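In order, the protein sequences belong to chains A and B.
If you read the first sequence in our numbering, its first letter stands for residue 1, the second for the next number, and so on.
If you read the second sequence in our numbering, its first letter stands for residue 1, the second for the next number, and so on.
Derived by calculation from the structure, the hints in this document are not laboratory data.
Among the hints, a few may not be true.
No more than 25 Å apart at the CA atoms, straight line, and that leaves these computed lysine-lysine pairs for DSS-like [to be verified]:
no., chain 1, residue 1, chain 2, residue 2
1, A, Lys355, B, Lys243
2, B, Lys84, B, Lys14
3, B, Lys148, A, Lys410
4, A, Lys129, A, Lys40
5, B, Lys84, A, Lys543
6, A, Lys585, B, Lys89
7, A, Lys627, A, Lys410
8, B, Lys80, B, Lys14
9, A, Lys713, A, Lys772
10, B, Lys4, B, Lys35
11, A, Lys736, A, Lys726
12, A, Lys494, A, Lys543
13, A, Lys615, B, Lys181
14, A, Lys129, A, Lys203
15, A, Lys129, A, Lys108
16, A, Lys442, A, Lys129
17, B, Lys14, B, Lys70
18, A, Lys494, B, Lys181
Since this is a predicted model, take the numbers as computed values, not measurements.
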Amino acid sequence: MNVSYNWLQDFVDLELPPQELADRLTLAGIAVENVIELGKGIDLVVTGRIEEINPHPNADKLVITIVNTGEEKLQIVTAATNVKEGDVVPVALEGARLAGGLVIKRAKLRGVESRGMMCSGQELGIDQKTMPPDQAHGIMILPPGTPLGRDAKEVLGLNDHILELDLTPNRGDCLSMIGVAREVAALLGRPTRFVEHSFPELKESIQGQVRVDIEDPGLCRRYIARLIKNVRVGRSPLWMQSRLRSAGMRPISNIVDVTNYVMLEMGQPLHAFDYDKLVDHHIIVRSAVDEEKMVSLDDVTRELSRDMLVITDPSGPVAVAGVMGGLSTEVTENTTSILLESAYFNPVSIRRTSKTLGLRSEASLRFEKGIDIGGCLRAVNRAVQLIYDMGAGEVVNGVVDNYISPISEKTIMFRPARATYVLGLDIPKSEASNILSSLQFKVQESGEDLLVTVPSHRVDVSIEEDLIEEIARMHGYDRVPATLPYGSSTQGVKTPEQSFRALIIDTLAGAGLHEVITYSFTNPRVFDLMNLPMDSPLRDAIKIQNPLSEENSVMRTMMLPGLLAVLANNFSRRVQDGAIFELGKVFIPSGIGNTHEERSVLAAAAVGRVGGSWKMPPLELDYYFLKGVLERLFSVLGTDPVSFHRETANPVFHPGRTASIEAGGRKLGVLGELNPDVLERYEFPERVVAFEIYLEELFAVLGRRNVYRSLPKFPGIERDLAVVIKREIPAGDILKIIRNTGGELLDSVSLFDIYTGEQVSEGCQSMAFSLKFQARDRTLTDAEISELTAAIASELSSRFGAELRG
Amino acid sequence: MEEKLRKIGAEASKALAEAGGLEELNDIRVRYLGKKGELTQVLRGMGALSADERPLIGQIANEVRASIEKELASRTIMLKDLAKEQRLKDEGIDVTLPGTPLPRGGKHPLTIVTEEIQEFFLGLGYSIAEGPEIETDYYNFEALNLPKDHPARDMQDTFFITAETLLRTQTSSVQVRTMEKTTPELPVKIIAPGRVYRRDDDATHSPMFNQVEGLAIDRRITFSDLKGTLDLFMREVFGPKTKTRFRPSYFPFTEPSAEVDISCVMCGGKGCRVCSHTGWLEILGSGMVHPRVLEVSGYNSEQVTGFAFGLGVERIAMLKYGIDDLRVLFENDLRFLQQF
């Protein structure tokens with residue numbers, strides 16, 4: 001809603017600068033987003049009449065005009081084509097400044113002197129959309145009787161400020177000048193000035209000339225019709241046009257302008273029908289029939305459906321109620337009688353209809369927020385008054401007012417004690433009463449409390465808390481003290497899972513990976529990119545009904561595509577090395593009904609190498625890097641023993657470089673190099689490694705409790721053991737045998753070297769282990785450790801044919 | 001003999017003074033004081049002396065020995081110090097060479113900010129609640145006093161999965177879920193961080209973003225408690241000089257409702273481009289929990305009151321770190337992430 005400061009002055013004395021008014025309103029909950037000074041920087045533009053138009057001797061596209069500005073006649077050369085002799089136009093004089101900073105100087109155009117410029121609306125800072133179509137791209141033409149030599153800013157209502165309101169959806173009442181005026185009056189402690197209307201009526205009565213039937217009172221609680229005859233359709237006066245423009249609306253004709261003007265002023269949308277085109281002069285308000293059609297004012301055929309409310313005559317729909325009028329009964333230059341509609345339509349119905357039709361109008365915007373049902377009559381009379389005042393028609397006596405079951409006024413008991421309970425601020429009853437009265441609530445004392453009657457325009461107020469808010473906002477939120485809750489205290493704790501998640505993020509970040517956040521929705525095409533077979537359950541993704549694009553149309557079932565996209569984007573920006581991870585959810589449909597499952601997944605991906613320097617070679621971000629990251633993670637979290645088993649059948653991954661991660665009989669996830677086909681589709685020139693860990697599984701194997709083990713009191717013994725062994729034997733199996741054979745005395749074992757080449761036979765490798773033995777109750781002897789080491793070697797020999805290396 | 005002794009003393013002293021290394025010192029010691037050393041040799045000749053001379057020469061010999069030993073000791077210390085000094089000098093490294101590069105990772109700035117928010121509220125006794133991202137219409141809208149066809153639904157353009165399920169548009173969906181579980185226990189104090197979704201995608205809107213919801217329910221929780229809590233929070237996040245401003249606003253699930261502004265973090269409230277020259281930045285929405293929301297959750301709204309607030313993590317991260325483009329938060333450019 002755009003509110004003209006000058007217009008507002010009609011209803012309340014302002015006496016404070018526009019910006020200050022805006023700030024006051026904002027702090028009272030009527031947010032003013034912007035204060036715009038109309039005609040800013042425009043100077044020395046006056047009204048002038050074109051007396052003569054003559055051809056230009058040296059240019060076909062230019063003409064030489066003589067313009068009378070009241071005081072002098074100026075020769076002005078122009079290229080404008082929409083002007084004719086006798087037109088009154090805005091004229092920028094020498095030295096004038098226009099919107100956009102243009103300065104007008106005396107000039108010669110193709111050898112002919114020009115002493116000014118005729119202006120378009122745009123040059124005066126007027127929005128092109130609010131200009132009549134024939135003037136949108138040409139000179140602005142003012143009504144014929146406009147006095148000459150006047151400041152055009154004054155004449156066009158440009159000495160004004162516009163307050164752009166950003167209204168909350170509950171305050172439909174402020175979609176009107178009088179609604180805003182009420183707020184302002186309450187804030188400033190001033191009275192409002194709303195005039196009663198009076199106009200002479202014709203002797204003939206509306207009775208018998210108009211019939212209104214409401215078939216569905218649930219959708220239309222009130223319908224008022226008035227009849228105007230001897231209508232002269234033409235342009236509305238300039239002041240009205242200017243005010244419509246200030247609100248961002250385009251003037252059309254005096255009748256239509258009046259309906260729009262009253263809507264802006266009073267918040268009640270009105271509609272004018274050409275009375276003679278209404279069959280039988282009979283209005284029937286009813287629901288549309290499926291597939292019923294109507295051509296709307298914008299000359300589009302609209303298909304209606306049964307959940308839409310329509311205004312019809314016996315021949316069919318003449319308007320979509322509250323949304324848009326029909327072309328067949330449109331007011332035109334030839335219209336001589338009009339029927340003015342002022343009605344109350346069901347907000348929900350209007351909202352649905354306008355959504356279904358994709359039609360949002362200024363009228364539907366107001367109806368769907370709920371208009372003042374008590375103001376319908378005042379509004380139609382205001383329109384009648386304006387039409388009468390501008391001599392555009394004569395008023396038929398009487399009103400048809402179908403007001404079905406007028407609702408009784410809402411009353412609410414307001415308890416000051418309750419307000420204190422909610423606000424934490426003591427507001428005396430007298431102050432509460434004053435505030436509510438200033439907002440035009442009716443207040444009656446009732447013991448300690450107040451019985452409050454809600455005015456019909458405040459459709460947003462229905463419970464005591466609403467009144468408490470009214471009082472708090474008028475009293476000023478800034479005057480409410482700042483305290484902290486007291487009473488029983490609570491301990492803020494994270495659940496174990498929340499703590500673990502935080503620990504996981506810290507650990508991975510500490511291990512050199514960067515956390516990323518990617519969208520939870522994805523492109524169904526990624527399943528192809530990821531090599532998933534057509535029957536893969538991962539393809540069964542939850543679809544979004546109304547996605548923004550195909551690219552983000554299904555909920556992800558796996559995390560890796562998002563991470564690969566991140567690496568690919570970085571690649572395209574020449575950031576080619578790095579390791580990333582994300583802790584997020586995947587979404588799995590679980591078949592029946594609307595239920596679905598959200599699973600937390602930890603995923604990581606890495607490519608390239610980092611950190612090479614003069615001192616050490618770069619760290620390869622390969623399979624073993626991510627495996628190391630996982631091993632650290634498992635150790636930090638304290639999981640049951642985790643094992644890695646080769647997984648060859650996962651289509652996403654490289655069949656020879658992928659492991660299934662298992663612990664406690666559960667599969668925690670998968671780690672591996674991406675399948676070369678996947679890499680090729682993402683156009684990675686390098687190998688990429690990745691893992692996905694299912695958090696639910698991981699949390700299930702967090703068995704270890706952190707219990708202190710006393711430090712050993714006796715010295716341990718270290719021994720190295722090198723064996724030559726066939727290369728296909730997995731290191732994991734070898735380590736397992738060593739640990740089993742070493743038993744309790746073997747404290748730890750690490751693989752510190754792998755060697756192939758000279759002195760190692762074909763197909764074999766030498767593996768060197770460092771074994772650390774420790775007994776808790778005694779000092780170990782060399783002899784027993786030698787024996788144990790020999791036993792390990794012999795076990796490796798018998799199991800795997802390993803040979804002890806010298 | 002005396003002369004001979006004195007000469008040895010003088011020679012030894014000279015040799016010691018000229019000695020350049022510890023090995024040389026040892027040679028000198030052997031030469032003069034060793035079993036076959038010169039001084040020893042001389043003393044061996046003492047037998048030939050008269051009884052009168054013997055004590056005298058003996059005394060001189062001892063003096064000479066003591067003097068040599070003393071000089072030797074001091075010379076040894078000096079040369080050791082010199083040698084140590086030299087060694088340390090030789091061992092010098094270029095301390096300006098770059099250190100061993102350990103891989104450096106990091107948390108996403110949105111995680112950092114979320115954790116900071118969590119820590120603050122954990123300290124005030126709030127627990128962390130969670131809810132599903134694919135939510136029912138009921139918890140996301142209906143239970144929050146937003147029936148179907150409510151105009152306020154326009155404030156949140158929604159992604160639908162079915163007619164009754166959707167991607168939650170606000171973490172407020174966790175409110176009723178939580179209270180249904182806690183009722184009739186009091187107090188309830190939770191924050192609910194998480195991803196939310198709206199059908200917007202432009203320079204200042206992302207279809208997915210992060211919110212933190214806050215909810216405190218008890219007897220006698222007041223609007224002034226809401227003010228105090230958020231005031232403290234804003235000073236914690238944006239620094240002790242931060243001022244907060246509460247403006248009346250509208251959310252269907254709170255009444256009274258308030259929009260909260262903070263003094264501009266860039267200009268401190270003087271007015272600049274970031275705050276559109278108002279000195280204030282809109283930061284979150286809040287209010288007293290609407291009685292109907294309490295009632296549907298099973299609380300008696302006459303006895304129990306509460307406040308709720310919801311804030312955008314992206315907004316706070318952008319202000320805190322001076323990020324001027326929302327999109328960089330989701331592009332995950334490593335050069336961006338490495339800055340946190």
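How the hints compare with the structure:
The straight-line distance between the Cα atoms of Lys355(A) and Lys243(B) is roughly 41 Å, outside the 25 Å bound, and the hint therefore fails. As the CA atoms of Lys84(B) and Lys14(B) are separated by approximately 24 Å, the hinted pair is consistent with the 25 Å bound. Using a Cα cut-off of 25 Å, the hinted pair Lys148(B) and Lys410(A) holds, with the two alpha carbons roughly 24 Å apart. As the CA atoms of Lys129(A) and Lys40(A) are separated by approximately 19 Å, the hinted pair is consistent with the 25 Å bound.
Restraint check: the Cα-Cα separation between Lys84(B) and Lys543(A) comes to about 76 Å, which exceeds 25 Å; the hinted pair is violated. Distance check on the hinted pair: Lys585(A) and Lys89(B) sit about 59 Å apart at the alpha-carbon level, beyond 25 Å; violated. Proximity of Lys627(A) to Lys410(A) is assessed by CA-CA distance (about 69 Å); at most 25 Å being required, the pair is judged violated. Of the supplied pair hints, the one linking Lys80(B) and Lys14(B) holds, its CA atoms being roughly 19 Å apart against a limit of 25 Å.
Between the alpha carbons of Lys713(A) and Lys772(A) the distance comes to roughly 15 Å, so the proposed pair stays at or under 25 Å and holds. Taken as a hint, the Lys4(B) and Lys35(B) pair is honoured in the structure, with Cα atoms around 18 Å apart against an allowance of 25 Å. This hinted pair checks out: Lys736(A) and Lys726(A) have alpha carbons roughly 16 Å apart, not beyond 25 Å. Taken as a hint, the Lys494(A) and Lys543(A) pair is broken in the structure, with Cα atoms around 33 Å apart against an allowance of 25 Å.
Our distance criterion of 25 Å between C-alpha atoms is broken by Lys615(A) and Lys181(B), whose separation comes to about 58 Å. Proximity of Lys129(A) to Lys203(A) is assessed by CA-CA distance (about 42 Å); at most 25 Å being required, the pair is judged violated. Restraint check for Lys129(A) and Lys108(A): not satisfied, since their Cα atoms lie roughly 32 Å apart, outside the 25 Å limit. This hinted pair does not check out: Lys442(A) and Lys129(A) have alpha carbons roughly 42 Å apart, beyond 25 Å.
Among the hinted pairs, Lys14(B) with Lys70(B) is consistent with the structure: their alpha-carbon atoms are about 13 Å apart, no more than 25 Å. About 17 Å separates the Cα atoms of Lys494(A) and Lys181(B), which keeps this hinted pair within 25 Å; it holds.
When each numbered hint is compared with the structure, violations occur for hints 1, 5, 6, 7, 12, 13, 14, 15, 16.
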